[in-house]
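*Asks:* Here's the letter readout for the chains.
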Amino acid sequence: MDVNYTDEQKAFRKEVRSWLEMHVPEKPLPSFDTSREGFEAHRAWERVLADGRWGMVTWPESYGGRGLDLIQWLIFEEEYYRAGAPLRVNQNGIFLLGPTLMEYGTDEQKARFLTSMASGDEIWAQAWSEPQAGSDLASVRATAVLECDEYVLKGHKIWSSRAVFADWAFGLFRTDPASQRHKGLSLIFFPLDAPGVRVQAIPQIDGETGFAEIFLDDVRVPAFNRLGGEGEGWNICMATAGFERGLMLRSPARFQVAARKLVELYKAHEAEVEPTVRAAVLQSWMDAEAYALSIYATASRLAAGGHIGAEASTNKIFWSEMDIAMHKAALSILGARAELLRSAPEAGDIGRWLDGYFFSLAGPIYAGSNEIQRNIIAERMLGLPRA
Amino acid sequence: MDVNYTDEQKAFRKEVRSWLEMHVPEKPLPSFDTSREGFEAHRAWERVLADGRWGMVTWPESYGGRGLDLIQWLIFEEEYYRAGAPLRVNQNGIFLLGPTLMEYGTDEQKARFLTSMASGDEIWAQAWSEPQAGSDLASVRATAVLECDEYVLKGHKIWSSRAVFADWAFGLFRTDPASQRHKGLSLIFFPLDAPGVRVQAIPQIDGETGFAEIFLDDVRVPAFNRLGGEGEGWNICMATAGFERGLMLRSPARFQVAARKLVELYKAHEAEVEPTVRAAVLQSWMDAEAYALSIYATASRLAAGGHIGAEASTNKIFWSEMDIAMHKAALSILGARAELLRSAPEAGDIGRWLDGYFFSLAGPIYAGSNEIQRNIIAERMLGLPRA
Amino acid sequence: MDFRFSEEQTMTADVVRELLADVCQPADLRRLMGEGAARDEARWAKIVEMGLAGALVGEEKGGLGLKAIDFVQIAEACGYAGLPEPLVENAGVALPLLADFSGNVRAAALLGRALAGEVTVTVAHPANPFVADADTAEAVLVVRDGAVHLVETAKAKIGAQPSVDPFRRLFTVEFEPSAETLIAGTDEAAAPLAAALDRGALFAAAQMQGIAQRCVDLGVAYAKERQQFGKPIGSYQAVKHHLATAQVKIEFARPVLHAAAAQLEQGDLYSRARISQAKLACAEAADVAARTSIQVHGAMGYSWEVDVHFFLKRGIALTSWWGGTAFHRERVAARVFARPLGPEHTFAREAEHA
Amino acid sequence: MDFRFSEEQTMTADVVRELLADVCQPADLRRLMGEGAARDEARWAKIVEMGLAGALVGEEKGGLGLKAIDFVQIAEACGYAGLPEPLVENAGVALPLLADFSGNVRAAALLGRALAGEVTVTVAHPANPFVADADTAEAVLVVRDGAVHLVETAKAKIGAQPSVDPFRRLFTVEFEPSAETLIAGTDEAAAPLAAALDRGALFAAAQMQGIAQRCVDLGVAYAKERQQFGKPIGSYQAVKHHLATAQVKIEFARPVLHAAAAQLEQGDLYSRARISQAKLACAEAADVAARTSIQVHGAMGYSWEVDVHFFLKRGIALTSWWGGTAFHRERVAARVFARPLGPEHTFAREAEHA
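Chains as they are written, first to last, in my numbering: chain A, 1 to 387; chain B, 1 to 387; chain C, 1 to 354; chain D, 1 to 354.
Hints listed in this document are in silico derivations from the structure and should not be mistaken for laboratory results.
Warning: the hint list may mix true and false statements.
Said to hold, decoys possible - Heads up, incomplete: computed chain C residues facing chain A, CB under 7 Å, no partners named:
(1) P129
(2) I158
(3) G159
(4) Q161
(5) F167
(6) S178
(7) S235
(8) A238
(9) G298
(10) S303
(11) H309
(12) A317
(13) G324
(14) A326
Unchecked claim - Simulated crosslink set (BS3-like; lysine-lysine; CA at most 27 Å straight-line):
(15) K183(B) x K231(D)
(16) K231(C) x K157(D)
(17) K328(A) x K328(B)
(18) K183(B) x K267(B)
(19) K231(D) x K154(B)
(20) K231(C) x K224(D)
(21) K154(A) x K231(C)
(22) K231(D) x K224(C)
(23) K183(A) x K231(C)
Claimed, not checked - Listing some non-contacts, in silico: residues in chain C with all C-beta distances to chain D over 12 Å:
(24) M11
(25) P26
(26) E49
(27) A116
(28) T136
(29) A179
(30) G185
(31) G267
(32) W304
Positions of the beta carbon are idealized from the N, C-alpha and C atoms, including for glycine.
All chains, please: the whole structure from these sequences, using the hints.
*Replies:* In structure tokens, the structure reads:
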């Protein structure tokens, strides 16, 4: 065990830091979920990143990456969050679909989709859920019928993040109409501007519209858009979901920055705040550190050729609960001001804690509910019998 | 709504207080679970109570009670705990079986069992559980076969509180050998010194032996010892369990006294203790008060002719969790001394908090586990579907 | 000692509950939000008609002479319905406070109009950094250096402080204090202001209790209907246990709330601690219930389509309204660390220990 | 940066783990308890044979020259087994501290015998009100007014302070301080004593991590076997979720513990905060896991027959051993409120910020 960075890693950190210092926009970009303008500003930022070959540092150089390992990815993420750089509008692509494409895609598919993904030219939405298929993802009803090298897609997807403004989406479709549950599903990509696609934003509790419903009515896409074999969609999707929950969906740096801000907020209001809040603030910092250290452990293992295991599930539970606790602590500090909109004259330093709190409440729900994760831990890690 | 005591109630409180001041033993009695001597000292105390007609104030005068209502019972309990009077060694009898006997027993049975129960002449153990019938009480295997007006009892009971030294026990037996689950069970009493009864103490985590196993090998008891009809045991037993959990098993006064002691402990160590413990101490007091108020609400409703409902389940969850939290707070205050035995020279004021903590850990388990209670609340109070 | 509501108390609350079930459903809230109006005038007219404005004002002053215990279930019903209009703040807090100063001519005149339901009044109390519903109120009772001023909103500078809860209308109020605006000096004002804080905190607690129950009810309704893995999600143990846990919080906040209401008039250290305890317990119940309900709703819980968010937001707002956690915990501490404890003191009052 | 144990580190721990699996099962503990002996001499002899006494003593002083990171998994294994003998306190804390004073002739002589496994040493550190295993130790390193004295137990007055944990042997130690007993003055003693506290806290944390995992493992084994309502109780969602929750606590205490071990030699504000964080996290994991296990065991959990109680008790004891919650939270606070925070500081050390 060695917890010292190598000289190479230190130099890399320095390089990332100085590039970010020169390129990160001074003013925060407008939300990519509320306006086309904000979305395009984020796309432009993705292009700036891509120009510097910072889009996805772990990817091979041939797809716009740098072929770096996961420790370097962590260093990049740390510096990225440290610099307060914009959220990644293409996270569904680069963090979820990208690694899966890399593993299951044909060379032609990789060439077609990965480069444009890394460059920000094509921004991706995910389309996992359906109205009747939430936690129970295997009950997908949307269908894809093969007609001379084209799939005809029909169905109704919901809770698609980024779908309001994105270019492409990926989702599960039933390619074998006689199949049940996990069998007969395929993972298929479709352009969100294809004829027959209708996207409708879902207004959220925090007033944003990061999610959308997608109605597909005889949408035709080439069979080339299927990732992996017909009927292999479920397994591929589980691999994606595992990677999502396991490592990339929630960068530890994000929570370490949030913890830093929480400590700053606490210090600014220390005199007015009751002592139990102090303990909650310290716990938030400790949790963010624990999460980061746990990701370092996983990354070290993966960098040495290991595979991701049930960390996918334990991480999901841990970060989603930590996120809620952190925001609750912040609201305690803000007291009566917590309910104000940021536009209120008396809002002061309330920041985005309340929006963040609402968002955090969804944490235990999406990317596989924490209930499902606990079942997975109990059954796969602890070996308890299925119900 | 009237939260003032009537003059009559005030006078009653005064009467109880002055009687207790005169009669409560100055030194605490030795535990009734660890020695015959302690057990008999508690029986003697029951006789003192009975002589003053304080054994069970809600019972009719004909059975040694005073025919008082539940509000008066609460006042009695408050004064009883305030005075630090001994634990009731016959609680299985007076709080559990007694009320059930009153409702389901014949006049002959009442005459035979209630008076000796109130007088402390016969101390009762309960014999609900079996090795394979814990949470799942309906899977009782012990049998009772009727042979000319006598039942022949056979089986193995476990977790029988007081059974080590008690005189009598009551339990469920399968009277219909062909029956399954809830059907065909009867509630039957048996003397613990009958031929064929073997009792074996179970050493507990806190070093006491409050529970025992009972082995029954062709134990013969008269059919007179069956409470209610043959096969009605389950329903009668549920009524008993409801009353147990609902009201009498854990007197609110007990927790209010514990909260008072916790506050005293906190005050004595305030300077050394961290501020989060203060919040926990205050929460313990609040919880004990909330529990007491809730029992006042139930008692008022019952006194006015109402019936006990799902309070049985909500109370059980609440007091068992409160009990753990209270003891955890106390252990935090005691710090490194918490692990000492009371006999340690440096033990100081550690009291019985650690034993109490171990005991509290069993709270969510016995008298119907909290898991079962949550199912009951969800299904009966909230109307959610059974699995 | 009879810790049950009288039939009359329950009947009055039932009338309010039924009216709100009729005119204040989430669909009504959505409509109002769409219109961007401060309040639903038709609904408010019906509420005014019930004649509850003077509920807590003495009969000798033209009110109904009810007590907090008579009003507490009404406040619960308002919370359950998510009522946007200021029934609780006006009738529950502002008017009894105004009535305390009815020796003053201006106050007396305003009280008459307020009791008739013509106008509403609001309070700028030191416990709250903002003033609720100042835009629709005729006047504000403003505390300045411990003294009370009665200020017509038309003569004050009202600054909107928008809340995340679309139906909370918060403001800052600036005015020129003068001999004319002054209606009570520091000494005279102290006790009425303390009582106003008690009522404000108590009825905020009551609304949170209603909110908590509404959140559980919404979660239960959804859990019965929503199917996953071929069964209603409400048949899974994890969902059941979450909802049961929230309901337990509600069950043990309720008696505290009702005892606090019954004891409010004592106005002593004991009743204040009980009110603060109720505020903490009901806030906890509302918090757990709202988060549980969102969780049970799954992804739906995060959408505007589902009604839980109305109640989640109101609960967050009321948690800090009329004193937050720290404030109320210290009021509890003041009783716990300075007065005798134990089972015989459950319904204690200061006078008995004087 | 490679946050994984080396093969050698894991192999050493495996050897200890296997030995303990062999000779330190609950049945062995019960036997020892029945005998009322201070330790199992046969088992202790085997442990001594492994030559681990000098694990953390420098090679130039006759030890193995290992670091905390090499020993941390051994301490976890001791916790998992509930080992009664003082491997952790002797080899993990006392001997490296004694070695720091090996310039002193008496200390050097004692160190030699201790490294050979002939005797054990224990520490009376201000962080602990009691001294562990003083009855079987040859000598105690006692801190008095910041200076360190080396006191033969034969020449001291040893008073037993019985613990609820039958295998914790606690004592108070009285002795006559003199020029002869003194082995290090205040200045010289400060750094070694701080390091001893760090090791004590770290290895107590490691033992609690082992305890936590043992409790979950015991709960899982029981839940697979015990049938209720016709199914193993481990197939019920509520039981699964309880155990999964405990396992999550363990999973996120582990990397903190290992980072703390890796950073211990820094001896700065950063490493101290990490050690304290590990102590808090492992104590939390042990607490949740033990209570969960008892709950899963149902009524059995309350009986002496079931093994969980050994681990429950040890966990309670270690939570306050080498500093309790308040102490360690303040060490974390000292870092959080006084040093830069953020993702780039995860593995920070004081020197870099000097």
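*Asks:* Checking each numbered hint in turn, tell me which of them this model violates, lowest number first.
*Replies:* Structure breaks hints 2, 5, 6, 7, 16, 18.
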